[in-house]
Amino acid sequence: DQQVKQNSPSLSVQEGRISILNCDYTNSMFDYFLWYKKYPAEGPTFLISISSIKDKNEDGRFTVFLNKSAKHLSLHIVPSQPGDSAVYFCAASGTGNQFYFGTGTSLTVIP
Amino acid sequence: GAGVSQSPSNKVTEKGKDVELRCDPISGHTALYWYRQSLGQGLEFLIYFQGNSAPDKSGLPSDRFSAERTGGSVSTLTIQRTQQEDSAVYLCASSSELAGRETQYFGPGTRLLVL
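First to last, the sequence lines map onto chains A and B. For the first sequence, position 99 matches number 99 in the working numbering, and the numbering has no gaps at all. For the second sequence, position 115 matches number 115 in the working numbering, and the numbering has no gaps at all.
Treat the hints as calculated values from the structure; they're not laboratory data. The beta carbon of each residue, even a glycine, is placed where N, CA and C say it ideally should be. A few of these clues could be false.
As the list claims (entries may be wrong) - Partner residues aside, some chain B positions facing chain A, computed with beta carbon under 7 Å:
{"id": "1", "residue": "Gly-42"}
{"id": "2", "residue": "Leu-43"}
{"id": "3", "residue": "Phe-45"}
{"id": "4", "residue": "Tyr-48"}
{"id": "5", "residue": "Asp-56"}
{"id": "6", "residue": "Leu-91"}
{"id": "7", "residue": "Thr-103"}
{"id": "8", "residue": "Phe-106"}
{"id": "9", "residue": "Gly-107"}
{"id": "10", "residue": "Pro-108"}
{"id": "11", "residue": "Gly-109"}
Could you put the whole structure together from the sequences, leaning on the hints where they help?
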């Protein structure tokens, strides 16, 4: 059973606008969340993370928001650039060794 | 090298043959993970190595899958008697701590196709 879900398989956004990628999880024991970006034929690249003690973490154009009560996190990219076009995975972990990944959202930023 | 490397990058094999996939983690990273990504799926955890501790094999899908890590560095994932459903991208990641939590760095993956 998928413990981390990304319900939107794809998203298209105009260059310069905001991209919002969403992720839901089911396990309330998860306390650390990450976003990865993946280009074709490459492995995922770490983008940004957030601990459950926070509700927001910002790094340049990328901001991750965590809503623990809703078990929901989102990644905001603003302004979006064509080079941001990639597949974005969210991941979650708790006290164990395992990281649980979503199925990914393919973002296309249109010039 | 600077990042995680994996070999081969692509592997085509016949059903029933054994395959070995190799991962070279980032130097100094003590933790190493194997995942696989089947078409249209997320990353599926397979196995985790941490230092000299016994590996966490809870994600291995069957006893045809095994992995070892020699000298705490290079790891090999072996799939015996491959089946068509084993076709996937196999990703290796090594990790270090970032702000007190592990952050994984992935290799480019090995694309396995079982005919």
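Status of each hint after checking the structure:
no.: 1; hint: Gly-42; verdict: holds (4 Å)
no.: 2; hint: Leu-43; verdict: holds (4 Å)
no.: 3; hint: Phe-45; verdict: holds (5 Å)
no.: 4; hint: Tyr-48; verdict: holds (4 Å)
no.: 5; hint: Asp-56; verdict: holds (5 Å)
no.: 6; hint: Leu-91; verdict: holds (6 Å)
no.: 7; hint: Thr-103; verdict: holds (5 Å)
no.: 8; hint: Phe-106; verdict: holds (3 Å)
no.: 9; hint: Gly-107; verdict: holds (5 Å)
no.: 10; hint: Pro-108; verdict: holds (5 Å)
no.: 11; hint: Gly-109; verdict: holds (5 Å)
In summary, this structure violates none of the numbered hints.
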